[in-house]
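**Student:** Chain X is already provided as a structure; the job is to place chain B on it using the hints.
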Amino acid sequence: MSEQKNKIEFIKNLIAQDPPPADKQLRHNEALLKKIKRRMLLVKAVIIVIYMVLYFVAFGAFMLQNYTDNVVHSICWGTASLHILLWSFVYIQRGNCMNMEELIEKMLDNDEKRRNKNQNLFITIVAIMAFVFSSFLLCRSFFLTNNLKAVQTSVSILWSTIFFLIFYPFRTASLIGILWFEYKKMELNINNSSDGSA
Amino acid sequence: MEEDKISDAILVLRCQKRDESAFQELVNRWEPRLYYYLRRVVESDSAVWDVLQETWLAVFQHIRKLENPRKFPAWLYQIAHNKTVSMLRKEIKYVQITDEQMSNYCENNFVFCYDIEQVEAIHELLTKLKLAHREVITLYFLEGFSISEMAQIIGVSEGTVKSRLYYAKHKLHELLKGAKNV
Chain X
82 MSEQKNKIEF IKNLIAQDPP PADKQLRHNE ALLKKIKRRM LLVKAVIIVI YMVLYFVAFG
142 AFMLQNYTDN VVHSICWGTA SLHILLWSFV YIQRGNCMNM EELIEKMLDN DEKRRNKNQN
202 LFITIVAIMA FVFSSFLLCR SFFLTNNLKA VQTSVSILWS TIFFLIFYPF RTASLIGILW
262 FEYKKMELNI NNSSDGSA
Chain B
5 MEEDKISDAI LVLRCQKRDE SAFQELVNRW EPRLYYYLRR VVESDSAVWD VLQETWLAVF
65 QHIRKLENPR KFPAWLYQIA HNKTVSMLRK EIKYVQITDE QMSNYCENNF VFCYDIEQVE
125 AIHELLTKLK LAHREVITLY FLEGFSISEM AQIIGVSEGT VKSRLYYAKH KLHELLKGAK
185 NV
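Chains as they are written, first to last, in this note's numbering: chain X, 82 to 279; chain B, 5 to 186.
One chain only, chain X, in its complex shape (with noise of 0.2 angstroms):
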């Protein structure tokens, strides 16, 4: 025990031996605080301007539909305009899982995290195959003369959407209920071990 004191007192007395200068630590810091923060809203600005532009095509494909003469094209353009705004929201809901997954492997060992990374890339990969797909089957579609067709493709485009849609959320709210059942677990052992000290 005295030897780690020693160990310690003996760093912190060779930290103070060549000490940053106060004031240009303090200067230092401004400086990277001031590009660290520059370096976010760059970040939080490009993710706002790819999502106005998202919903500016969407609401131009809207506009298309309302405009349009032909019952195909605007079926085709109805569908554009939420296959673009729903995909988005696909996206931010995935974020979401991410956020929380990122959370969750903490607690898992390296064969967990293994499994648990190529699940996620399957989904991923599932995903964009599915919005690669039923993008192009959107595109054939605005080829098609036949207007049963066209609503049936456009039906079905808008399923995959909404089967993530609802599956991300789902997964998000489940990793929630296992980090919740982490936590009391946790504050039950705290709760044990402090019972039985005292």
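Fair warning: there could be bad hints in the mix.
[As the list claims (entries may be wrong)] Some chain X residues near chain B, calculated using beta-carbon distances under 10 angstroms:
1) Lys88
2) Glu90
3) Phe91
4) Ile92
5) Pro102
6) Lys105
7) Gln106
8) Arg108
9) Arg120
10) Leu123
11) Ala126
12) Glu186
13) Lys187
14) Lys194
Keep in mind the hints are simulated off the structure, nothing from the lab.
Idealized CB from N, CA, C, for every residue including glycine.
**Tutor:** Okay, now just chain B, sitting in the frame of chain X:
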């Protein structure tokens, strides 16, 4: 000591969630140590501050990739080392030492005791060591890193770290003896 490690790990977790105040606290906690380390390996004072800033920016940028928050100290020093090396390479001052033959028998030949009365002398004598030796012994004194952790930080083999540590301890021991005799 253990409490500090736990609170550091919590700060790292908060930083991973992009908590600015946690990052500020982390900087305040680690800056004096990091500054001391960088002052031992970088000559000019302005370069030290540049490397320090680059290190913290890299920490902020990549902290989400750090899987185990308890490994933050080694990870931080690794970034600082890499930034220092890339800066020193521009000035061609970083010399790789290839004396790995010593590694087989030099382990723990000198057990350094943390003698508080010798702190000032050690601090002064550190400047007389070669850069690569000084770096290893500073990491050893400051954080008590293991050989494998130091090897990971510096990016060399464990054998090289062992031999550098041996030389550094040996030289410091001799210098301390000389200083006492004077």
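**Student:** With a cut-off of 10 angstroms on the beta carbons, see whether Glu90 of chain X makes it to chain B.
**Tutor:** holds, 5 angstroms
**Student:** Going by Cβ atoms only, is Ala126 of chain X closer than 10 angstroms to chain B?
**Tutor:** violated, 15 angstroms
**Student:** Under 10 angstroms, Cβ to Cβ, is where Lys105 of chain X needs to be relative to chain B, so tell me if that hint holds or is violated.
**Tutor:** holds, 7 angstroms
**Student:** Hey, does the Glu186 of chain X contact hint survive, CB to chain B under 10 angstroms?
**Tutor:** With a minimum Cβ separation of about 8 angstroms from chain B (threshold 10 angstroms), the hint on Glu186 of chain X holds.
**Student:** Report holds or violated for the interface hint on Arg120 of chain X, using the least CB-CB distance to chain B and a cut-off of 10 angstroms.
**Tutor:** Check passed: Cβ of Arg120 of chain X comes within 8 angstroms of chain B, closer than 10 angstroms.
**Student:** Going by Cβ atoms only, is Ile92 of chain X closer than 10 angstroms to chain B?
**Tutor:** With a closest approach of 6 angstroms, the Ile92 of chain X hint holds.
**Student:** Does Lys187 of chain X pass the interface hint, meaning its C-beta sits closer than 10 angstroms to a C-beta of chain B?
**Tutor:** Where the cut-off is 10 angstroms and the nearest Cβ of chain B is about 7 angstroms from Lys187 of chain X, the hint holds.
**Student:** Tell me if the interface restraint on Arg108 of chain X is satisfied: Cβ within less than 10 angstroms of some Cβ in chain B.
**Tutor:** Hint holds; Arg108 of chain X Cβ to chain B Cβ min 9 angstroms, cut 10 angstroms.
**Student:** Does the closest beta carbon of chain B sit nearer than 10 angstroms to the beta carbon of Phe91 of chain X?
**Tutor:** holds, 4 angstroms
**Student:** Should the hint that Pro102 of chain X touches chain B count as held when the rule is a Cβ pair under 10 angstroms?
**Tutor:** With a minimum Cβ separation of about 9 angstroms from chain B (threshold 10 angstroms), the hint on Pro102 of chain X holds.
**Student:** Just to be careful: measuring from the Cβ of Leu123 of chain X to every Cβ in chain B, is the smallest value less than 10 angstroms?
**Tutor:** violated, 12 angstroms
**Student:** Hint Lys88 of chain X vs chain B: min CB-CB distance below 10 angstroms?
**Tutor:** With a closest approach of 5 angstroms, the Lys88 of chain X hint holds.
The structure fails hints 10 and 11 (numbered hints given earlier, in ascending order).
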